[in-house]
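> The lines below spell out each chain.
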Amino acid sequence: MTLLELQGLTKAYPGVIANSDVSFDIHKGQIHAVLGENGAGKSTLVKAIYGLVRPDQGKMLLEGVPFAPSDPRAARAAGVAMVFQHFSLFDAMSVAENIALGMENPPKPHALEAQIRKASEDYGLPLSPDRIVGDLSAGERQRVEIIRCLLQNPKLLIMDEPTSVLTPQEVDILFGTLRLLAANGTSILYISHKLEEIRNLCQHATVLRQGKVVGTFDPREMSNREMAEMMVGKDLNAPNRVPSPRGAPLLRVAGLSAPAPHQFGTALKHISFTLHAGEVLGIGGVAGNGQDELVAALSGEMRTDADMIALEGRGIGADGPNTRRALGLCAAPEERNGHAAAPDMSLVENAFMTAHTRLSLVERGFVDWPASRAFAQAVIARFDVRTPSPETAARALSGGNLQKFVIGREISQNPRVLIVNQPTWGVDASAAAAIRQALLDLASAGSAVLVISQDLEEVLEITDRFAALNEGKLSEAVPTAGLTMEKIGLMLGGAHDLEVAHAQA
Amino acid sequence: MDINPILLLAALMVASTPILLAAIGELVVERAGVLNLGVEGMMIVGAVCGYIAGHSSGDPYLGFLGAVFAGAAVSLVFAVLTQFLMTNQVATGLGLTLFGLGLSALIGMRAEGTPDLTVAKLALPILSDIPVLGAILFRHDLVVYLSILLVAGVWAFLTYTRAGLILRAVGENHEAAHALGYNVRLVRVLAILFGGGCAGLAGAYISLVRVPQWIDGITAGAGWIALAIVVFASWKPWRLIAGAYLFGGVTVLQLNLQAEGLKIPVEYLSMAPYLATIIVLVMIRAGRAPASLGKPFHPSS
Numbered sequence: 001m002t003l004l005e006l007q008g009l010t011k012a013y014p015g016v017i018a019n020s021d022v023s024f025d026i027h028k029g030q031i032h033a034v035l036g037e038n039g040a041g042k043s044t045l046v047k048a049i050y051g052l053v054r055p056d057q058g059k060m061l062l063e064g065v066p067f068a069p070s071d072p073r074a075a076r077a078a079g080v081a082m083v084f085q086h087f088s089l090f091d092a093m094s095v096a097e098n099i100a101l102g103m104e105n106p107p108k109p110h111a112l113e114a115q116i117r118k119a120s121e122d123y124g125l126p127l128s129p130d131r132i133v134g135d136l137s138a139g140e141r142q143r144v145e146i147i148r149c150l151l152q153n154p155k156l157l158i159m160d161e162p163t164s165v166l167t168p169q170e171v172d173i174l175f176g177t178l179r180l181l182a183a184n185g186t187s188i189l190y191i192s193h194k195l196e197e198i199r200n201l202c203q204h205a206t207v208l209r210q211g212k213v214v215g216t217f218d219p220r221e222m223s224n225r226e227m228a229e230m231m232v233g234k235d236l237n238a239p240n241r242v243p244s245p246r247g248a249p250l251l252r253v254a255g256l257s258a259p260a261p262h263q264f265g266t267a268l269k270h271i272s273f274t275l276h277a278g279e280v281l282g283i284g285g286v287a288g289n290g291q292d293e294l295v296a297a298l299s300g301e302m303r304t305d306a307d308m309i310a311l312e313g314r315g316i317g318a319d320g321p322n323t324r325r326a327l328g329l330c331a332a333p334e335e336r337n338g339h340a341a342a343p344d345m346s347l348v349e350n351a352f353m354t355a356h357t358r359l360s361l362v363e364r365g366f367v368d369w370p371a372s373r374a375f376a377q378a379v380i381a382r383f384d385v386r387t388p389s390p391e392t393a394a395r396a397l398s399g400g401n402l403q404k405f406v407i408g409r410e411i412s413q414n415p416r417v418l419i420v421n422q423p424t425w426g427v428d429a430s431a432a433a434a435i436r437q438a439l440l441d442l443a444s445a446g447s448a449v450l451v452i453s454q455d456l457e458e459v460l461e462i463t464d465r466f467a468a469l470n471e472g473k474l475s476e477a478v479p480t481a482g483l484t485m486e487k488i489g490l491m492l493g494g495a496h497d498l499e500v501a502h503a504q505a
Numbered sequence: 001m002d003i004n005p006i007l008l009l010a011a012l013m014v015a016s017t018p019i020l021l022a023a024i025g026e027l028v029v030e031r032a033g034v035l036n037l038g039v040e041g042m043m044i045v046g047a048v049c050g051y052i053a054g055h056s057s058g059d060p061y062l063g064f065l066g067a068v069f070a071g072a073a074v075s076l077v078f079a080v081l082t083q084f085l086m087t088n089q090v091a092t093g094l095g096l097t098l099f100g101l102g103l104s105a106l107i108g109m110r111a112e113g114t115p116d117l118t119v120a121k122l123a124l125p126i127l128s129d130i131p132v133l134g135a136i137l138f139r140h141d142l143v144v145y146l147s148i149l150l151v152a153g154v155w156a157f158l159t160y161t162r163a164g165l166i167l168r169a170v171g172e173n174h175e176a177a178h179a180l181g182y183n184v185r186l187v188r189v190l191a192i193l194f195g196g197g198c199a200g201l202a203g204a205y206i207s208l209v210r211v212p213q214w215i216d217g218i219t220a221g222a223g224w225i226a227l228a229i230v231v232f233a234s235w236k237p238w239r240l241i242a243g244a245y246l247f248g249g250v251t252v253l254q255l256n257l258q259a260e261g262l263k264i265p266v267e268y269l270s271m272a273p274y275l276a277t278i279i280v281l282v283m284i285r286a287g288r289a290p291a292s293l294g295k296p297f298h299p300s301s
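So the protein lines, in turn, are chains A and B.
For the first sequence, counting from 1, position 278 maps to 278 in the working numbering; every step adds exactly one.
For the second sequence, counting from 1, position 59 maps to 59 in the working numbering; every step adds exactly one.
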């Protein structure tokens, strides 16, 4: 009962072979995982199946018939649907209009709305057709994409990294839907690098590395470690922590409140916590619950009352970022291109921009370029940043390499307190492991580290204590040891979401 | 003062028509996510080509038709440059305006001063007999009616048709539209051509009806006003009529006041329509622009 058969698919771009002789089968009603690091060729492969990329060699058979879609519409007509990693939605339009755009022959608006309501009930995906997509949460937006696909009764549903923006409870809802679909005979091609999910959901997995298939197996019979090593192609060391005693309090945040900085921002409401020397505190939460605002308040981009934030007893809430850096507080914000780094400037210039205070790179108004270059080179060497040269523009680096650079730049300034937001977002497994290890090493050396992350596995892995950020409020910090995903989910307010979903359905 | 309000309002519709035509074209272009600042240039090329085509054939409607093609041809230059050669839309649009002004002067060198041609008024039966309203609304030439029909047509197209939905989708998020399999470039090129045709027709209306003769620089900034009115209208078709009639109204009023010999320097009166446009633009809060407006798109990924 093979649905789709890939035979020797090869696709080369100038300088890179994205897919090389990729072959595997997807059976009917199967949930098939494709695993791989960033740049392993997963995206190119699914784009070929969805008609966005034409393979150079090889062929595909859909239900035994040659299948070579020239564009996504041809793929959709043949019964292949895809939910994109970055949603292909139109913010200013309604749910119904968005869904109509993804269909070949949409019915009249009225009939379409009825179909949307029915599908959303059948698959437990509450969604109202007349809402404007720009107002929806990430989980709801994904439901729009999924329902758009389901209304076309696809034979094969491709999901590209679907859980990266969801709460654990939303992930459960999604998996329930996918299992239901598979039971009804729809095949699902599930792209991910999250191993725990794949083990939970999939019966078959194909691992890609540098464009080649390096293994096909049943993920339920493999350990995470084995799968990760197959993906990376080398032994992975779990981050290890030299235990260090919890030291004196370094950063004390007391009753931090701030209004939302812009229309779509979140107000911070009475946030209090203490960060001790030698510890890693994790703050989790679904995007848009005040993470960016909290980082801005801590780094000095957003000023507050001086007493709300105290660094080693000194109120710094009203100081700007450079004053705080001079005192020993460094920060690496989330968006590496455009916030943590200026994309069109070189690594040397980017290194200079945050390090000049602590490393005294300015002399009588002139930039000390040799010292800046030496600093950039030191960061590149210590954090294994792959770049042609320190003069390369930041935007030319891959996400993982630039992330290693911006985090390494802050760590190399020996901060007393380091604030990082989403340190490993969109970074492949080996780079993520290196970044996590560097954060742990910094804490072991006696600094305090605050990690704000939506990746809960990461939070569990590297933090000593955990607090949840929800609608601008921070929960009590609890020891990470002994926390389960479910408990974290409840702390994040996922339970609240779930109740709403049931009420609507 | 004895300004006849009925004649004033009827003249207002005529004065507003070129701006309305150019603006409805530009609205479609911008809803598709393209910012074409070359409206003035396309208009004036339409003005001179329409004038010449009308006079050499003796049929003003052939003049209008020629102007539509001329405007579309000039916009095609913009389309190729911005959609295929990936030039900057703002710079290319400004260049198109300068190019159009120069080209029209060259084409029109021997057309200046030729005697004019009349475009028949078409009084709509029954409707034109309605007191007051009939005289204001229903005793115009075909192009005035056409401009309003175009607004209604564009509104219906954008709201009800699938093609209109796709056009809005392309303007809202071209990456997503591409990922769904829509041809972003094709949609945009067609929208640009429509915008060019409308601008050309608008220009010809000035040189064949409103003035009516060919003078160098005849459009006198009407293309820029049309661009401003698209923003004023928050990219919604019906509101264009309000914007265009406001500008047209102030224009006609100040002309009448000049004729009345009001004791205000003529320069201030001539300035009034432009000032009114600026004041309104400052005062109203513009709505949400199409999210992909002015951003370059390359279908590589």
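Source of the hints: derived by calculation from the structure; they are not laboratory data.
No residue lacks a Cβ here, since even glycine has one placed at the ideal position from N, Cα and C.
Any given hint could turn out to be false.
Reference listing, derived: stretches of chain B covered by chain A, where coverage requires no fewer than 3 residues with Cβ under 8 Å from a Cβ of chain A [claimed, not checked]:
1. 30-39
2. 153-166
In silico DMTMM-like pairs for lysine to aspartate or glutamate, Cα to Cα no more than 20 Å straight-line [claimed, not checked]:
3. B:Lys236 x A:Asp344
4. B:Lys295 x A:Asp91
5. A:Lys212 x A:Glu5
6. A:Lys212 x A:Asp21
7. B:Lys295 x A:Asp21
8. A:Lys487 x A:Asp441
Chain B residues, not near chain A, derived (Cβ > 12 Å throughout) [stated by the list, open to error]:
9. Ala10
10. Leu137
11. Arg288
> Against each hint, give a clear statement of whether it holds in the structure.
Evaluated hints:
1. 30-39: It is violated: at least three residues are needed, and the stretch 30-39 of chain B offers just 0 whose Cβ sits closer than 8 Å to chain A.
2. 153-166: holds (count 3)
3. B:Lys236 x A:Asp344: At roughly 37 Å apart (the allowed maximum being 20 Å), Asp344 of chain A and Lys236 of chain B break the hint.
4. B:Lys295 x A:Asp91: 16 Å, holds
5. A:Lys212 x A:Glu5: 16 Å, holds
6. A:Lys212 x A:Asp21: 7 Å, holds
7. B:Lys295 x A:Asp21: 37 Å, violated
8. A:Lys487 x A:Asp441: 28 Å, violated
9. Ala10: 38 Å, holds
10. Leu137: 33 Å, holds
11. Arg288: 6 Å, violated
Checked against the numbered hints given earlier, the structure breaks hints 1, 3, 7, 8, 11 and satisfies all the rest.
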